[in-house]
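Participant: Chains as they are written, first to last, in the working numbering: chain A, 9 to 318; chain B, 9 to 318.
These are computed hints drawn from the structure, not numbers from a lab. For each residue, glycine too, the CB sits at the ideal point set by N, CA and C.
Listed next, the stretches of chain A that the computed footprint assigns to chain B, with coverage defined by at least 3 CB atoms under 8 Å from CB atoms of chain B:
{"no.": "1", "region": "24–36"}
{"no.": "2", "region": "83–90"}
{"no.": "3", "region": "96–108"}
{"no.": "4", "region": "113–123"}
{"no.": "5", "region": "261–275"}
A short list of chain A residues far from chain B (calculated; beta carbon distances all over 10 Å):
{"no.": "6", "residue": "R10"}
{"no.": "7", "residue": "E127"}
{"no.": "8", "residue": "P151"}
{"no.": "9", "residue": "G184"}
{"no.": "10", "residue": "H188"}
{"no.": "11", "residue": "R192"}
{"no.": "12", "residue": "R212"}
{"no.": "13", "residue": "G223"}
{"no.": "14", "residue": "I230"}
{"no.": "15", "residue": "G236"}
{"no.": "16", "residue": "D256"}
{"no.": "17", "residue": "G283"}
{"no.": "18", "residue": "H288"}
{"no.": "19", "residue": "A296"}
{"no.": "20", "residue": "L304"}
{"no.": "21", "residue": "N308"}
2 protein chains.
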Amino acid sequence: MRALSQQTFGAPDVLRVVDVPRPTPLPSEVLVRVHAAGINPIDAAVRSGHFPLLGEPPFVLGWDLSGVVEEVVPGVTRFEVGDEVFGMPFFPRAGGTHAEYVAVPSRQLARKPRALGHEQAAALPLAGLTAWQSLVDAADLQPGQRVLIHAAGGGVGHLAVQIAKARGAHVTATAGAAKHDFVRALGADEVVDHRTEDFTETARDLDVVLDTVGGPVGRRSIGVLRPGGLLVTVVDRTDTALRAAVLDAGRRFAGITVEPDHVGLEALAALADAGRLRPHVEHAIPLADGAKAHELIESNATRGKIVLTV
Amino acid sequence: MRALSQQTFGAPDVLRVVDVPRPTPLPSEVLVRVHAAGINPIDAAVRSGHFPLLGEPPFVLGWDLSGVVEEVVPGVTRFEVGDEVFGMPFFPRAGGTHAEYVAVPSRQLARKPRALGHEQAAALPLAGLTAWQSLVDAADLQPGQRVLIHAAGGGVGHLAVQIAKARGAHVTATAGAAKHDFVRALGADEVVDHRTEDFTETARDLDVVLDTVGGPVGRRSIGVLRPGGLLVTVVDRTDTALRAAVLDAGRRFAGITVEPDHVGLEALAALADAGRLRPHVEHAIPLADGAKAHELIESNATRGKIVLTV
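From just these sequences and the hints, can you work out the full model?
Facilitator: Here it is in structure tokens:
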């Protein structure tokens, strides 16, 4: 089968479409024909060697997928051949969705939302689970609560805005001016231009801040939280000084790493089918042009998501 | 750390306690100090080479665990250091719980039921999830339905009886005479001695049969199901002739392989804490005597479960 692979760490041009053996699903798993696969900042970090999560190359990147069940190992009852599914297999122990086929544990998949095509559904697992596990599992966001979402036009951010609105929260969003119309259309109640405005002047007494940016953004967000409010960061999880500063200020801190879980996938699918969650795919790029997709993800300029089509 | 390992396939005496590096949990995972770990028939099948699920030795077997969180990788919010947990990590891609420490994805763990000690909790994950995923996820067992559970005194069977009773079902059980009192005490409504009685003469019009034995038992069970009733086998998943015979008879067929899933663990823990589910640990054996535990599991004579203490 075709897969996007690399022999060395390096710039996007290390990526090559190669022919590799089709994976063999084990008991409890299914084989999925990948139709589309999201690309995320972590793919670029692993590719470059900045975050060598998968050890030394060669390896195939990719954790998002949307596709069709090609083979069911006897013993799996959740899916049948031909079912449309989406999911995030094996994160972070192995990648592999930037390929024609991938073997996936059944409980790391859910049924693809009917309301979404494969390209949109492939944009949902890693970024959507990150947002869901931040706002729902960790923050337990409630109707009427006030949340600030940083980089609300990005992959995680644009899904987080929609999830927060679906939960009945009041959403303040930061984004560059070029993305303001986009973020408003997602449902954000207030949009702040982080380049020209100071969000600490407009936002205050918030219940939750979701930081998808990192660096000074987290520290500056402490003051906009109400006492007991929660800073959720999906970036600076290991920043013990930030954590201490948050706790010293009487606020709460949660660092989040996304985790495979069919429960979150099913919740995202239900929201999508209810018309409350629609991933925005800015670029759908053929697998053979994977290097271009990596260049785009590193530019940080994309609204929403980039997916590879397979 | 100490781990029960093997250098070659073979009889139980290939097992040795060796010193191996403590595993390193990745993002989304925690390190657990194992207090007790279940042993299951699949451990013996992998050890002997009969079912080489983990490739060639050396490897450390074991999927059940109950223990205490020793280390939390930043990014995980579901657990804190010191939490008592139980679970079934990495099945079937890697083993490793027959050891002092194991790295576990957070969503393949749940909080240990308060009502159970570590030895009892370690008896629950693989066998309990097998029973839960068979009777609840696959069969959707309803109050008042009639179910037959084969080998009801065994590891999966004795938990299945309790789960079925907790669901409000009527339970017929097969077991050898020596286990009848045990199985009755679990709540079984009728107990059939499979050695001296013919279960097809006493059981009929059943909604569900759970086959944990395999071979002729499944085929003989078809006739005791009502039209549309479900044969669930956790053994003969790949027996296409059995499947065809079931479907030809107008009954339904489900082969089950257990799958890691915190949802089932949480359900099992809730039942245990409600006093509705109590794993029976027949033997608790120190890790150093792992070979003896393997001999016992191969004897098939145990009531309930065998666990290793670490």
